[in-house]
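Got chain A; can you put chains B and C on it based on the hints?
One-letter residues, chain by chain:
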Amino acid sequence: MSIPRPKPERFRLRRTMMFMNAQKPGLIKDAYIYGADSIMLDLEDAVAENQKDSARFSLYHALKEIDYGNTEVIVRINGLDTPHWKEDIRVCVAGGCDGIRIAKTESAHDVQVVDAAVTEAEKEFGVEVGRTLLMAALESPKGVLNAVEICQASPRLFGVALSGGDYRKCMQVKVIPGGIEMLFARGFMLNAARAAGIQCFDTVFTNLNDDEGFRAEVKQNVEMGFDGKSLINPKQIQIVHEMLAPTQKEIAEAEKIVRAFREHASEGVGVFTLDNGKMIDIAFVPGAERVIKLAKASGIYEGDL
Amino acid sequence: MELKAVGTAGTLESSDVMITLEPRDSGGIDLTLESSVLNQYGRQIKAEVLASLERLGVKNAKVIVNDHGALDCTIKARVECAFYRGCGCDMDGRFDWGGVIR
Amino acid sequence: MKNAVGREIPKEALAVELKNGRKYEPYHGKGYRDGKYIKKAGPTSRIYQKPQESKLLPSIRDAIIATGLKDGMTVSFHHHFRDGDYIVNMVMKEIVDLGIKDITIAASSLGSAHDPIADYIEQGIVTGIQTSGIRGRMGDVVSHGKLKTPAILRSHGGRVRAIEEGDVHIDVAFIGAPTSDEYGNARAVGGKSDCGVLGYPVVDSEYADKVVVITDTLVPYPNFPPSIHGINVDYVVKVDEIGNPKKIASAAARMTQNPRDLMMAENTAKVMAATPWFKDGFSFQTGAGGPSLAVNRFLEPLMDEKGIKMAWAIGGITGPICELQRKGKVGKIIDVQDFDVAAIEDIRTNPNHFEMTASEYANPANKGAFVNKLDFVVLAALEVDIDFNVNVITGSDGVLRGAPGGHPDTAEGAKCCVIVTPLTRGRMATICEHVVTVTTPGDCVDVVVTDYGTAVNPARKDIIEALDKAGIKHVPIKELQEKAYSLVGKPDDLQWKDKVVAILEARDGTILDVVREIKPYEN
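Residue numbers (our numbering), protein chains in the order written: chain A, 74 to 378; chain B, 7 to 108; chain C, 15 to 537.
Heads up, some of the hints might be wrong.
So these bits of chain B aren't anywhere near chain C, every CB distance computed over 10 Å [said to hold, decoys possible]:
id : residue
1  : 32
2  : 47
3  : 56
Simulated pairs of lysine-lysine, DSS-like, Cα-Cα distance not exceeding 25 Å [what the hints assert, rightly or not]:
id : chain 1 : residue 1 : chain 2 : residue 2
4  : A       : 137       : C       : 497
5  : C       : 37        : C       : 162
6  : C       : 504       : B       : 52
7  : C       : 497       : A       : 102
8  : A       : 308       : C       : 487
9  : B       : 52        : C       : 533
10 : B       : 52        : C       : 497
11 : C       : 492       : A       : 366
12 : C       : 115       : C       : 84
13 : A       : 102       : C       : 44
14 : C       : 533       : A       : 102
15 : C       : 44        : C       : 25
16 : C       : 252       : A       : 137
17 : A       : 102       : B       : 68
18 : C       : 320       : A       : 102
19 : A       : 369       : C       : 284
20 : A       : 369       : C       : 487
21 : C       : 115       : A       : 308
22 : C       : 284       : A       : 308
23 : C       : 44        : B       : 52
24 : A       : 308       : C       : 320
25 : A       : 369       : C       : 483
26 : B       : 52        : A       : 137
Hint data in this document are derived by calculation from the structure and do not stem from the laboratory. The beta carbon of each residue, even a glycine, is placed where N, CA and C say it ideally should be.
One chain only, chain A, in its complex shape (with noise of 0.2 Å):
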């Protein structure tokens, strides 16, 4: 029994992202009820040392025989630095999971490296060059400096994640309500990832018990511009799936942009002005579009477009 995977798309909605250990039978086989847009399953820092072989068996036959639906599969590999990442992906490859995030992502090198790991393995099992997506993590200072590079270092590459617990370790800082201690990578890296055209996640928020600072932590996310975050528990994904929506106001005038756009395009007209005498041009339709998709997903979209 094998169950077929469409290819992944690269540029799909990814608010939620949630870790899962792979080694944990109970937790994979149905990862994807609590409605994440992607799930994590994760070969690093949750699989003991002497468990890594142990854990790539399991994945392996999560990967080929249960249905995750819609929900994106993406696999947390071992670092570079360990002798773990290069069977870690000949199994992800081999499985067929989405795409594969890069631990403690350092340079466009790591990225490459990969990037060539995972061609090969392609080769090798059959698989469409180019279907296995990349993203990486930045999990140190030197990481976060070299986000330009690392956002543009491959066609697979679809965002980069912050990764708080080290970054904050190399940083000497803690955990700080308000976030001052992260603003710049958040900032720094934000920039990298949009001016590559890749998106950007958030680190994830480890105080399960308090949800006012989770909130908090989330609208900042929304308001700097982040596409998702990662999460550790599926309580989670709710809040940020509500907190991302947007409001009816928003999805009101995206509609009518989207709708203007689409009758003048038909008329080959490309700039022109909305009833409120904003002007439109090409330039706000994939926003525009954005909020149409993120509407729908959140289940708060009731038109037809």
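Using the frame of chain A, we list chains B and C on its own:
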């Protein structure tokens, strides 16, 4: 690839299965099965374990299966892991994904 | 003969003799005996016209002798002490030591604290078991055909009906009580091992020929207001300990942190809120299991949003509902059993937290129990099948290990009965084609909430309409079952021998299902 020593994989947690493979020279497969879902799935668990062993080319072994409700994908994963551990393989070596592991 | 839930009820089960000569019938469907009459079976009660100073006897043994307990008689117990109970084992040991045999135990429930009874069953001393719950070694030996007569398993309400109707006659009731005076006025609070309420053995005290109260805390006469009234009690015995307080009153039931349970609980609360009965003054019961208990937490914001309050809550009571009441969200709590220290503490001090009897709670044959006015009940299940039949008694190995409890009573009575259960547990498909044993009939079950989606009984068009209107997704239950089998595989049928080892009574005293002796698995 040959089973040289006792190989074990898996845990006794719910939804998992612990597999122990012990090599022997002859006598075929001697399978002992304990399961929390023995009456309803014993037959299927046994079949899954035997099929995996056959793919891996194990002809003679003592096999102990201690199951706590594992799905087929977990059963296969644990049998394979126990086997390669019993063979003394490098855990980061190149495995036959999609070949005997399937 | 097939009954109304499609179960084949064998002749040997229908032929089982009841004490009053009533003939067993197969289950006919919801509300079958409504409007019919019963003649209540009164006890033979000794006259105590000459004043006596005290009913105290020195030991359980003396009490047994004084009651005149003989071979072939029926003794009864209650389960308020749960896994901490010492009474059943203490009394049964004395009965066995006295050489009395062929005993039937008619308990409100039995649990894992009563493993020694399994030995008496195997020795042929205990020959009949009538109970709600059967677990541990006792469940094992009964499932393996060691009990001489089929065990009779009843709901809490069904038990009261059976006693009042005379299906079972209790010769001697042994009632453990946290406190008693020398005349047998017994209460559930004030002793070493409080259990909060004593709602289940009230019917025993009223219908048994002889009644013995056993306590470890004697208090001055009169111990008022009593749960068990001294006027119904023949003898009182003081022992060192009636039970293990730690297991009688478990630590406060904690809200689950399991994300799966929380998700199901939230969806259950949303289903409730979408129905027409979710309005000011609604009534509610929920179980003490993970997801059922967590429903309390998700109800609160939905009640606030709508600006409504709950008029009353019933059932086995736990801390979370008491807490909701303290916040002013619940009018009254009517309590038949306490599951944790928080509930016990609450009934001691809270004037709007009341004790009720098992008959008031759930008896289908009285003139209207609380369950008949219940709006919502949220219940757990081991299995639910595509006809909405529920099993809470047999495990996936066919062995008895559960209790119908108030499940069938509340399901039939409530306007909206919601079962909340994960789609699979380990490799067991909870939503299946056919449950191993029917313990609550599908015609009483309205909604099933799982981690993979919600299904509504097609007979409840009103609920379907309400959910559709609220935009709550639901799927045919067949779809959930197919998903479950696609995950875990289709289970092999269990293999049974011919012998009927247990009869599952519907609450009205018809037969819902039987359990047969399990065939050992051949490896």
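Hints, one by one, checked against the model:
no., hint, in the structure
1, 32, "holds, 21 Å"
2, 47, "violated, 6 Å"
3, 56, "holds, 13 Å"
4, A:137 - C:497, "holds, 17 Å"
5, C:37 - C:162, "holds, 20 Å"
6, C:504 - B:52, "holds, 15 Å"
7, C:497 - A:102, "holds, 13 Å"
8, A:308 - C:487, "holds, 20 Å"
9, B:52 - C:533, "holds, 19 Å"
10, B:52 - C:497, "holds, 23 Å"
11, C:492 - A:366, "violated, 32 Å"
12, C:115 - C:84, "holds, 8 Å"
13, A:102 - C:44, "violated, 39 Å"
14, C:533 - A:102, "violated, 32 Å"
15, C:44 - C:25, "holds, 22 Å"
16, C:252 - A:137, "violated, 65 Å"
17, A:102 - B:68, "violated, 29 Å"
18, C:320 - A:102, "violated, 38 Å"
19, A:369 - C:284, "holds, 21 Å"
20, A:369 - C:487, "holds, 16 Å"
21, C:115 - A:308, "violated, 57 Å"
22, C:284 - A:308, "holds, 16 Å"
23, C:44 - B:52, "violated, 43 Å"
24, A:308 - C:320, "holds, 24 Å"
25, A:369 - C:483, "holds, 19 Å"
26, B:52 - A:137, "holds, 21 Å"
Hint compliance for this structure: hints 2, 11, 13, 14, 16, 17, 18, 21 and 23 are not met, and every other hint is.
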